[in-house]
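Enquirer: Read off the chains here:
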Amino acid sequence: MKFEVLKSSVGEWLKGTGPESDIVMSSRVRLARNLAHYPFVGRASESERSEVEEFLRSRLSKTSVGSRLEYMNLGGLEDLDRQFLVERQLISREHADATGARGVAIDSAEQVSLMINEEDHLRIQCLHSGLDLQAVWDQIRSVDEEIEAVVPYAFHERWGYLTACPTNVGTGIRVSVMLHLPALVITRQIDKVFRSLHKISLAVRGLYGEGSQAFGDFYQISNQITLGRSESELINQVADVVPVLIDYERRAREFLLEETERNVHDQVSRAFGILRTAQTISAEETMQLLSRVRMGVLLGLVDDLHVSDVNKLLVRTQPAHLQKMKGIDLDTKDRNIERARFLRSYFESGSSGEN
Amino acid sequence: MQCQQCDKQAMFHITELETGDVRELHLCEDHARVYLNQAEADSQPEDSDDESGSIGVGQTAKELSEIDQKVCDMCGITFFEFRNQGRLGCPHDYVQFEEELEPLIANIHGDVKHTGCRPNRDKSAEDQSVLPESTEELTSVIGMRKEIREAVEGEDYEVAGKLRDDIKKILHQWQAEETKQ
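Sequence order for the protein chains is E and F.
Using this note's numbering, the letters of the first sequence correspond one by one to residues 1 to 355.
Using this note's numbering, the letters of the second sequence correspond one by one to residues 1 to 181.
Only chain F is shown next, with the shape it has when bound in the complex (with noise of 0.2 Å):
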C-alpha cells in the first residue's frame, strides 16, 4: 500500500476515533512521524518533558539521519534504502537494525514478539535470544559471499578459495543436521 502522501510504501495504518468518527491513515515513515509528532503535540501541553515515552518519534533530525547511515553487516543495505523501500535487504537486517525496527514493528502489528509455528529442527533449542545459531550461521554466508567478489576483485584467490571452502563446510553442517533427523 502506499503512502497518502508520497509514492513510498505505507508502513503506518493509522486508525483514528474522533467521535463516533472513523478515519483511517496509510504512511509511510516519515510522514507517520510528522503526523505523529502532531498529534503528540495538540494532545499534550508543554508540561511533558519525559524522554521515555515517544520511541523513534520525538528523535532529532541529527539522530535520523545517523540512524539512517547504519549499514547491514552482511547485505549493505543501509537503514536509509530500507526506510525508502519499504523492504530490508537480508535475514541479518532483523538482527542488525533490531532496535530501529522494533518501534516500527510494534507500531505495524502490536506486538514484538513472534509467538506461532517454529521450525521443528528448533524445538529442542529453547533459550536463545537472538537467530538459533544454525540460521545465524548461514546468514553469514551472505556477507562471506561479498568477501569472495572483493578478493576476486583485488586478485587475492588465496583469501576467495578459502572463503569458498568456508561456505561450503557451513552449508554442508546445516545439511548434515537435517538427515540427522
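Chain E with its partners taken away, still in its complex shape (with noise of 0.2 Å):
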C-alpha cells in the first residue's frame, strides 16, 4: 500500500534544499476553510461529518490538483500509521486523535496535504524545504482557487472566512517557519528572542508544535493574528523576521567557532560519538543529539555527512517511523533499542563514519 511509498521515500520538506537551509529546515502556510451549507466540525453529528466528507471528495475529485493527490480515509488507518502521518507533518495530531469521518489527501512530494474535518472542514497545507514562503503561497492559492471554484466556502463580508475558532476567522491563514537556532540556545540569548517575537505578536513552538518545549532546538515562528491584514502582510511579518533570526544565528555561531572551537567541536564530537554507539536511546535524547550534529556538519566539524542525512533522521528514529520500519509494534523500552540499533547500522553503513 501507499506506506510503503511513504516509508522508503522522504517529504520534499526533509531533503535540505532551498534558501538558508542551513538554519531554516521549512516553511508552511496552511489556510481554513469551512462549507457554508454545513454546522462546523465539532457541531456536527456523525452523520453529518460523514457527508462533509463525502462532499469535498468528491468535489476535490473534479479540480486537478484533487486528482493528484492520494486520499487517505484516517477512521480506517491503524493509530501507527495516523501517528507516522504526523510525524511526516502530513496531519496534526489533533487530527490523528480525533474520532469520526476524516481523512488527507497528500501529494507524492509531500507538499499538498488537505485534511477533511480536522477542526475546519477543509484544512490546506503546503510545505517547502528551506525558506521559501513566496513560492509556498503561490502554490496553496492556486490549490484553494480550485477548490474555491468547485465547493461553497463559509464567507462573511466583514469577517472574511468563517472558521470554528475565532482565532483563525479572516484570511484563515498560518504561516510557519521552522528554524533549528542550536548556536542560540547554548549562547543563552534564545530567551530574548521569543519575547522580541512575542511584542510583534508572533508564535514560537517547539518542532511537532505540542507544548512550548522545544526538543533539538528547533522552533516554528507564526503569525497569531488572522483578521485584519492582508495574507501578503501575515506572510511578509514572519518572512521580515526570519533574515533578522537568521543572522543573529550565524554570528552566534561564529561566534562559538572564534570563542570556543575547542568546546563545540568536543560537544559535537560526543554526540556524533553517542549516537554511533548507543544501545538505547530515548527519542528526546536523540534529537538534542542530531541538533549538535546537525550544527557540527553545518560548521565543517563533521565530515562525511550531509545536513539532508540528519534531516532524515530527525524524522526516521520517531517512534512511528521506527515501527512502520521494524514491521511490528514497540513499546518504549524496545524502541530506545531499535532507534540505536538504527542509528548505529546507519552511520556503519551509510556515511562510511569517520575513516
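In case anyone wonders, no lab produced these hints; they're calculated from the structure.
Just so you know, even glycine gets a beta-carbon here, dropped at the ideal spot from N, CA and C.
A hint or two may mislead.
Stated by the list, open to error - So the derived label-pair ranges between C-beta atoms look like this:
#, chain 1, residue 1, chain 2, residue 2, range
1, F, VAL159, E, ILE328, 55 to 61 Å
2, F, GLN69, E, SER45, 21 to 27 Å
3, E, ARG270, F, LYS113, 29 to 35 Å
4, F, LYS168, E, GLU145, 23 to 29 Å
5, E, THR280, F, ASP73, 58 to 64 Å
6, F, VAL112, E, GLU94, 24 to 30 Å
7, E, MET325, F, VAL71, 51 to 57 Å
8, E, PRO19, F, ASN84, 22 to 28 Å
9, E, GLN288, F, ILE14, 29 to 35 Å
10, E, ARG93, F, GLY76, 28 to 34 Å
11, E, ASP138, F, LYS113, 21 to 27 Å
Relying on the hints, combine the two individually framed chains into one complex.
Expert: The structure is reproduced here in C-alpha cells:
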C-alpha cells in the first residue's frame, strides 16, 4: 500500500534544500476553510461529518489538484499509521487523535496536504524545504482557488473566511517557518529573541507544535493574527523577521567557533559518538544530539555527513517511523533499543563514519 | 492554548509591559474579564463613569447570563456553549452573535474587518454588509435540515419533503452559478 512508498521516501521538506536551509528547515502555509452549508466539525452530527467528507472528496476529485493527490481515510487506519503521518507533518496530532469521518489527501512530493474534518472542514497545507514562503503561498493560493471554484466556502463580507475558532477567522492563514537555532540556545540568547517575537504578536513553538518546550533546538515561528491584514502582509510579517533570526544565529555560530572552538568541537564529537555507539536511546536525546551534530556538519566540524542525512534521521528516529520500518509494534523500551540499533547501522553503512 | 487559570480554551492573549518587564497572559473570556476589570479599576480612580469605553468588559452578571442564553437559529448552539468550548457551531454564528463576538475578535486580532482574499465568485458583489447572498442562503440549509428532523419526528412528511426540495433547489442554484463562471 501507499505507506510502503512513504516509508521508502522522505518528504520534500526534509531534503535540506532551498534558500537558507542551513538554518531554515521548512516553510509552511495553511488555510482554514469551511463549507457554508454544514455546521462546523465540532457541532456536526456523525452523519453530517460523513456527508462533509463525501462532499469534499467528490468535489476535490473534479479539480486537477485533487486528482493528483492520494486520499487516505484516517478512521480506517491503524493508530501507528496515523502517528506516522503526524511525524511526517502531513496531518496534525489533533486530526490523528480525533474520531469520526475524516481523512487526508497528499501529493507524492508531500508538499500539499488537504485535511478533511480537522477542526475545520478543510485545512489546506503546503510545505517546502528551506525559506520559500513566496513559492509556498503561490502554490497554496492556486490550490485554494481551484477548490473554491467547486466548493461553497463559508464567507462573510466583514469577517472573511469563517472558521470554527475565532482565532483563525478572516484569512484563515497560518504561516510558519521552522528554524534550527542551536547556537542561540547555547549562548542563552533564545529567550530574548522569543520575547521580542511575542511583542510583535508572532508565536513560537517546538518542532511538533506541542507545548512550548522545543526538543533539539527546532523552533517554529508563526503569525497569530489572521484578521484585518491581507495574506501578503501576514506572510511578510513572518518573512521579514526570519532573516534577522538567521543573522543572529549565524553570528552566534561564528562567536562559538571563534571563542570556544575546542568546546564546540568537543560537544559535537561527543554527540556524534553517542549516536554511533549507544545501545539504547530515547527520542528526545536523539533529537538533542542530532541537533548538535547538524550544527557540527554546518560548521565543518563533522566530515562525511550531509545536512539532509541529519534531517532524515530526525524523522526516521521518531517512534512511528521506527516501528513502521521494523514492521512491528514496540513499547518505549524496545523502541529505544531499536532506535540505537538503527542509528549504529545507519552510520556504519551509510556515510562511512570517520575513516 | 489553555487558559492559565482553568481548563477552558484561552481566548485572550495579553502582553503586559511593566517598566522593562514583559508578562504573558493567556486567559479564557471569563478570567480575562476578571483580569481586565481589575486592571481597569487599578488604573483609573472613581471619576470615570462613562459607559462608552469598555465593551464587553463592564457588563453585569445579569447581562452576561442573558447573552449566554442567546441561541443560533441555524445550529442551535448557545453563546454559553461557545464560551465554554471556544469553538463556534456554524457559519451563521458570526451573524447571530455578531455583537457579542466583535469585542472578542477585536481583542484577538486588533481589528474587526477582513481585508484579505475573497472567493472569486464574489468579486462583482461589492456592497454587502452581511453574508454574500449565496453563502448566507446556503448556510440556511443547516437550519432547514434541523426542521426536517423535527418534521419527521412529528410525522409531518409533507413538510419534510418540501424542505428537502427547497434544500435541493438552493444547492442546485449554487451549482448553476458555479458552472456559469
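Enquirer: Evaluate each hint against the coordinates.
Expert: Against the structure, the hints come out as follows:
1. A beta carbon spacing of about 57 Å between VAL159 of chain F and ILE328 of chain E agrees with the range 55 to 61 Å that was offered as a hint.
2. The given range of 21 to 27 Å is respected by GLN69 of chain F and SER45 of chain E, whose C-beta atoms sit roughly 23 Å from each other.
3. At about 55 Å, the beta-carbon gap between ARG270 of chain E and LYS113 of chain F misses the expected band of 29 to 35 Å.
4. Checking the proposed 23 to 29 Å range against LYS168 of chain F and GLU145 of chain E shows it holds: the Cβ atoms sit about 27 Å from each other.
5. Between THR280 of chain E and ASP73 of chain F the Cβ separation comes to about 60 Å, which falls inside the hinted range of 58 to 64 Å.
6. As the Cβ distance of VAL112 of chain F to GLU94 of chain E is approximately 28 Å, the hint placing it in 24 to 30 Å holds.
7. In this structure the supplied range 51 to 57 Å holds for MET325 of chain E paired with VAL71 of chain F, their Cβ-Cβ distance being about 52 Å.
8. The given range of 22 to 28 Å is broken by PRO19 of chain E and ASN84 of chain F, whose C-beta atoms sit roughly 45 Å from each other.
9. Taken as a hint, the range 29 to 35 Å holds for the pair GLN288 of chain E and ILE14 of chain F, whose Cβ atoms sit roughly 33 Å apart.
10. For ARG93 of chain E paired with GLY76 of chain F, a C-beta distance near 30 Å keeps the hint of 28 to 34 Å intact.
11. For the pair ASP138 of chain E and LYS113 of chain F, the supplied restraint of 21 to 27 Å holds, since their beta-carbon distance comes to about 26 Å.
In terms of the numbered hints stated before, the structure departs from hints 3, 8, listed from lowest to highest.
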